[in-house]
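Colleague: All chains, please: the whole structure from these sequences, using the hints.
Number of protein chains: 2
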Amino acid sequence: MAAEDVKLLSFWASPFAMRAILALEAKGVKYELIEETLNPKSQLLLESNPVYKKIPVLLHNGKAIPESLVIVLYVDEAWPERAGFFPKDPYARAMIHFWSDFIDKKIFEVTFRAAKAKGEEKEAALKELYDNFLTLESGFIKFDAKPFFNGSSIGYADICLAPFVAWLPVFVDLAGIRLPTAEEAPHLHKFIGAIREHPAAKVAFPDEEKLAAFGRILQQRWAAST
Amino acid sequence: MAAEDVKLLSFWASPFAMRAILALEAKGVKYELIEETLNPKSQLLLESNPVYKKIPVLLHNGKAIPESLVIVLYVDEAWPERAGFFPKDPYARAMIHFWSDFIDKKIFEVTFRAAKAKGEEKEAALKELYDNFLTLESGFIKFDAKPFFNGSSIGYADICLAPFVAWLPVFVDLAGIRLPTAEEAPHLHKFIGAIREHPAAKVAFPDEEKLAAFGRILQQRWAAST
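As given, the protein sequences belong to chains A and B, one line each in that order.
Numbering of the first sequence is given in the UniProt record's numbering, commencing with residue 1 and proceeding in unit increments.
Numbering of the second sequence is given in the UniProt record's numbering, commencing with residue 1 and proceeding in unit increments.
Any given hint might turn out to be false.
A pair holds if it fits inside one copy or across any two, identical chains being indistinguishable in the list.
Claimed, not checked - Below are the DSSO-like pairs computed for lysine-lysine, each with C-alpha atoms no more than 30 Å apart in a straight line:
1) 88 with 116
2) 27 with 88
3) 63 with 142
4) 27 with 122
5) 118 with 63
6) 142 with 54
7) 142 with 30
8) 118 with 202
9) 53 with 88
10) 142 with 41
11) 63 with 122
12) 118 with 210
13) 41 with 127
14) 142 with 210
15) 105 with 210
16) 30 with 122
17) 7 with 142
18) 88 with 122
19) 116 with 27
20) 54 with 106
21) 127 with 53
22) 190 with 53
23) 105 with 116
24) 53 with 142
25) 122 with 105
26) 63 with 116
27) 116 with 127
28) 210 with 88
29) 122 with 106
Don't read these hints as lab results, they were simulated from the structure.
Modeller: This is the structure in structure tokens:
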């Protein structure tokens, strides 16, 4: 194989950048992490993701791949020699896509909405999120997750969800999100415990204290916005 | 191959159902179309898509696959003997996912937002949509679309975008959306012309007059909502 040039335009606190790091780590790909300051955005970022101008962007032998879930799909296919991120059966693969989409839209997006909202709107979002966790638990059950959607190794849906776990203490503390209990959602809690111990997460997840401090800055920004 | 049992829970006017029909037609899969009345929702729909309770749902030998883009991915993989919906190269595949996601979020979602909004908010959404069409044109150019993202046959990104074309006269007439001109976005206009003539679209796209009448009902509902 030719020499690989792999760079990741990243920002340490971004859950989306964490997805890209988790994918690269899970595949054992060597890469250079380029930390974006974001203010101002680097010329490299603007050129490599002209549509969204956002991190993460994977640069592989000069080709730019933006968007966290597109990066995870790409990493899976560009380095096929390591354990895949999907099952082989088309129906099981479709269900992984289904649940990954659910995690993106019904867990992450509703969390961000809840974090930014106030009063009744916030309460409604928190209630919706709680119910969505119970629905996600039904997905874990259907996949007989042990402890991951992908079995004992992490795959696409796991990488999609994992950064939520990195942010979980901040979300609970600052945004007031409520998880179902371990009795109500045992698979979800097993996932949370297992992903925290995963070698790829040890690299991808930032220091909790540092993330908490960053979360407080974000909260002040959200509180100041109308 | 065993006898196939393929059913699609559908609603004739739904652009998302049209994606599923386009995928099945492009692959030459024989299927039974089950038209949902939606009010009330059928027991079959509630059971086969308990998470969202929405059409389309593909039922393949008893297995239920919800969500339009998940269905398109599934159809591509479950019937691999016909022309695929993706290129083979991982980078090109990643870019198809990137542009399909753009079409979903930046074309469809912004159109629905523009259609429902009023006053300044509507104007802002229409302007954003116009700019997004120009960005989409840059995607067509990068893929050297002839006339489709997938070349001369339709693929994942094409199927994602195609139902927009079915609804285009309604969107222009009732929601006031503005497309770039054929000079500004020649590939987009070529796509629109080509997809209208595609055999799969002849099946998937409903009668224009009937859709226009349905659009007027929707518009009244949106106008009545605050």
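Colleague: Flag every earlier hint the structure violates by its number, smallest first.
Modeller: 1, 4, 5, 8, 11, 14, 16, 18, 19, 26 and 28
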